[in-house]
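Residue numbers (numbering that gives the first Met the number 0), protein chains in the order written: chain A, 0 to 342; chain C, 0 to 499.
Please keep in mind that the hints were generated in silico from the structure rather than gathered at the bench.
Note that beta-carbon positions come from the ideal geometry of N, C-alpha and C, so glycine has one too.
Please note that a few of the clues may not be correct.
Said to hold, decoys possible - Distance condition first, Cα-Cα at most 27 angstroms in a straight line; then the derived DSSO-like pairs of lysine-lysine: (1) Lys210/C to Lys245/C; (2) Lys55/A to Lys151/A; (3) Lys194/A to Lys130/A; (4) Lys210/C to Lys264/A; (5) Lys146/C to Lys291/A; (6) Lys291/A to Lys210/C; (7) Lys151/A to Lys174/A; (8) Lys264/A to Lys207/A; (9) Lys410/C to Lys264/A; (10) Lys55/A to Lys245/C; (11) Lys264/A to Lys146/C; (12) Lys55/A to Lys210/C; (13) Lys286/C to Lys55/A.
Stated by the list, open to error - Chain A stretches covered by chain C per the calculated footprint, using a threshold of three residues with CB under 8 angstroms from any CB of chain C: (14) 147–155; (15) 165–171.
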Amino acid sequence: MTARAKNCGGNSGGKNGDGGSAGNAAPQGASFEILAREDFSDVTYLLEVSHPMMAKAARPGQFVIVICREGGERIPLTIADFDTERGSITLVIQAAGKTTREMQQLCQVGTSLYSMVGPLGEPSHISEGGKVVCVGGGLGVAPVFPQARAFKQNGAYVIGVVGFRNEDLVFWRDKFESVCDEFIICSDDGSVGIKGLVTDGIEIAAAKHADIDEVIAIGPPIMMKAAAETTREHGIKTTVSLNPIMVDGTGMCGGCRVLVGDETKFACVDGPDFDGHEVDFSDLMNRLTRFKADEAEAMERWASEADQPAALKSKADASAPQRRAVHGDIGVHWGTIKDNDGY
Amino acid sequence: MAKKTIRTIPQERTAIPVQTPEDRVQNFAEVALGYLQGHALNECERCLLCPEPACVKACPVAINIPGFIEQIIDGEFHAAYETLSDANLLPAICGRVCPQEDQCEAVCPVGDTLEPVAIGRLERWLGDMAIEQGWNSQPYHEPNGFKVGIVGSGPAGIACAADLAKAGCDVTVYEALHKAGGVLRYGIPEFRLPNQVIDVEMGNITKLGVKIECNTLVGRLFTIEQMIDEMGYDAVFIGTGAGSPKFMGIPGESLNGVLSANELLTRTNLMGAGDFPNYDTPLHLGKKVAIIGSGNTAMDAMRVARRLGAETVYCIYRRTEAESPAREEEIHHAKEEGIDFRWLTTPVEILDDGEGNVRGMRCLEMELGEPDDSGRRRPVPIEGSEYEFEADMVVYAIGTNPNPIIGQTSKLKLNQWGYLDTDENLATSMAGVYAGGDIVTGAATVILAMGAGRKAARSIKSYLGIRDTDAVYLPEQGGDGGTLFGINLEERNFVRLQGA
């Protein structure tokens with residue numbers, strides 16, 4: 000661990016470019032340093048970030064807003080795990096758009112994020128006992144894991160259903176299975192577990208258990224919508240975690256508004272958990288396309304070799320890592336709508 | 000010197016150099032360029048130096064206005080700044096954004112016959128000079144051992160922090176965003192309040208010993224209760240603002256291209272979206288932008304849209320200009336910049352282009368009927384006057400609700416509208432916890448928030464039993480330290496005390 004953490008974007012640690020105003024940028028000595036990193040595939044990676052106070056405060060279902068480097072954008076990322084002994088929180092990220100790809104490249108162990116605030120959102124409601132199905136679709140496996148674990152700790156009977164496109168994209172299989180009483184894994188192409196979608200997994204669980212109290216489903220919006228439709232027929236209460244575009248994440252701008260029943264709610268302070276049978280998923284999916292054109296422009300600039308860090312406003316220093324061409328599927332980004340991912 | 004009268008002072012208010020509308024819609028530089036020394040001295044001559052200044056009473060933070068003006072006339076600019084900053088540590092900010100026309104300038108007697116003394120412009124001139132010269136007052140403060148936490152680094156929190164730091168407290172300010180300043184930073188655009196001004200004046204606060212910790216959302220990272228029970232704070236001030244935007248509930252509100260003014264301003268002012276893709280946050284501004292509302296926030300949104308390249312910017316407001324709550328100066332500048340004002344118009348529906356984006360609005364024309372509870376004439380729809388127009392972005396600036404997080408995460412008592420319930424000393428339902436600014440009153444102004452911050456600081460000092468070292472003390476009477484011939488002794492404004 001370097002004694003003086005260097006910012007991902009190349010800024011020297013400690014000074015956050017605020018002029019004289021900000022004093023200490025991080026609360027209670029948090030450095031936002033990356034303590035560990037794991038790459039599950041070409042597109043999915045894990046970052047363990049130092050923040051002792053947040054590790055103590057975080058509860059399942061909550062998220063953070065992160066800025067990778069100065070001049071970057073604020074993006075929401077669900078807290079996939081928190082460790083009070085190591086004083087860290089864990090984020091699992093899919094590299095889909097410009098920012099997540101940039102983070103994939105720059106966020107190495109020893110570097111620091113420019114800003115991270117949380118834990119945001121209302122914590123998930125974890126019942127005592129009962130029987131629950133925890134469903135994670137693709138990247139959704141990460142945010143649903145702490146909920147599954149909490150249910151287990153609260154004495155519930157936990158049925159885990161996870162789905163990936165194929166075997167190469169699988170991550171946290173053992174970790175997830177370890178907090179479940181029953182475990183079903185699905186893949187689109189049948190390369191691992193059952194050939195099918197998580198909705199097939201839910202049907203299997205529902206067929207076997209007539210007394211399921213709740214289904215928690217997290218993944219791309221289209222997957223959560225399909226999961227909710229599946230459980231609606233069985234009359235099982237379903238909770239989903241919504242992922243609209245966010246800016247401040249503290250209830251101040253209304254950018255994350257979602258339609259739940261006939262009410263407008265702000266996902267960052269009223270959610271992110273909502274009743275899956277009340278959510279207007281079409282509206283959510285439409286609003287996730289707000290910046291399609293800008294996202295494409297940003298990706299084009301990022302991908303072109305001619306776009307060097309010096310062109311950006313951030314004070315990236317000369318020793319920033321060389322950009323390499325990124326290959327692999329775009330996949331489904333946690334914050335934007337892409338292919339329907341088979342659901 | 001011969002006594003001044005209304006006839007002997009310069010009769011015309013000194014004009015302030017201003018960017019032309021054609022120039023300024025292309026840039027985010029300040030509209031009003033500021034007085035030079037000659038302008039300032041000339042304007043100071045117009046002050047009658049009233050023995051019983053109404054302007055001081057009308058100022059929410061009781062700046063000794065004739066005091067600093069007299070010092071400017073005597074050429075003692077640094078001393079004038081000291082007088083000014085004694086009451087207001089953010090003069091370059093307030094000089095720019097205060098509605099002086101409703102406060103000090105409204106009661107200036109010169110304004111009875113001529114135009115009032117341009118107090119705000121003078122305040123700005125002094126504040127800017129201090130920035131240029133690098134002045135800041137840093138008298139040594141003996142630590143008193145008390146630790147105070149401030150939630151929110153906006154004007155209320157900063158004003159409270161400054162007063163408590165000057166009294167010797169160990170003060171920490173917590174800010175949820177990654178940059179400090181609150182609404183000064185995210186809400187007020189660069190052309191009204193440059194970031195550099197915010198940086199320097201906030202820097203003066205930190206030079207008093209105040210610590211500012213960003214990226215901290217109080218209520219979630221730790222609660223107000225934890226601050227008192229576990230983190231060793233003796234008192235807490237909450238200045239979290241009223242930032243949650245209101246929508247109308249009309250059809251089409253969730254189409255792409257509809258956003259709150261808060262979102263537009265945060266993307267632009269805080270995140271640099273105007274410079275996308277050099278800054279990563281996008282805005283995707285339309286060509287024809289309609290802003291609903293006509294307050295100061297609406298004006299800011301309109302003028303930002305104009306500068307970022309919108310060809311047409313509409314202001315849709317259901318009443319008339321006379322009822323608009325915005326500063327006259329802002330409306331005036333907005334008109335010059337080519338904003339198309341549609342008074343007496345109310346939105347009915349936002350129209351879909353078939354692909355989930357805004358293509359236009361349907362509105363209804365209104366006329367003014369009888370006054371409602373607020374005293375303003377209530378608008379009444381005109382039957383059959385609905386019409387549609389093209390737009391590709393609709394911005395809501397119709398007011399805000401209180402931010403829910405403190406209410407969700409603490410046991411503090413809220414009032415029926417969701418704001419924090421406080422008594423006349425700004426104390427909340429929890430001992431040692433005070434609150435002020437928009438989270439108590441609803442959306443208001445920077446200077447009122449600062450006034451609340453200062454008032455809360457007085458209450459906190461009283462609660463903790465902190466004594467100002469130079470004041471004369473009478474027996475405690477309620478929240479104040481007592482008065483001497485009607486002048487509050489908590490005020491360390493000795494020029495006024497001498498006059499008593």
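Practice item. Mind checking the alpha carbons of lysine 55/A and lysine 210/C for me, to see if they're no more than 27 angstroms apart? Key: Status holds; Cα separation ~23 angstroms.
Practice item. For the pair supplied as a hint, lysine 194/A and lysine 130/A, confirm whether the alpha-carbon distance does not exceed 27 angstroms. Key: 25 angstroms, holds
Point to revise | lysine 210/C paired with lysine 245/C [C-alpha distance capped at 27 angstroms] | key: Between lysine 210/C and lysine 245/C the Cα gap is close to 33 angstroms, so the pair fails against 27 angstroms, i.e. violated.
Check your understanding: Is the straight-line distance between the alpha-carbon of lysine 264/A and that of lysine 146/C 27 angstroms or less?
Key -> Outside the cut-off at roughly 37 angstroms; violated.
Practice item. Sort out whether lysine 264/A lies within 27 angstroms of lysine 410/C, counting only the CA atoms. Key: Status holds; Cα separation ~23 angstroms.
Point to revise | Residues of the region 147–155 of chain A with Cβ under 8 angstroms from chain C, three needed, outcome | key: violated (count 0)
Check your understanding: Does lysine 264/A lie within 27 angstroms of lysine 210/C when you go C-alpha to C-alpha?
Key -> Distance of about 35 angstroms is beyond 27 angstroms: violated.
Review point. Holds or violated: lysine 151/A with lysine 174/A, Cα cutoff 27 angstroms?
Key: 13 angstroms, holds
Check your understanding: Do three or more residues of the region 165–171 of chain A come closer than 8 angstroms to chain C, measuring C-beta to C-beta?
Key -> Since three or more residues must qualify, the claim that chain C covers the region 165–171 of chain A is violated, with 0 doing so at under 8 angstroms.
Point to revise | Pair hint outcome, lysine 291/A versus lysine 210/C [Cα-Cα no greater than 27 angstroms] | key: 40 angstroms, violated
**Study point:** lysine 55/A paired with lysine 151/A [C-alpha distance capped at 27 angstroms]
**Key:** 19 angstroms, holds
**Study point:** Hint consistency between lysine 146/C and lysine 291/A [alpha-carbon to alpha-carbon, up to 27 angstroms]
**Key:** Measuring from Cα to Cα gives roughly 48 angstroms; hence the hint is violated.
Against the hints set out earlier in the document, violations occur for numbers 1, 4, 5, 6, 8, 10, 11, 13, 14, 15.
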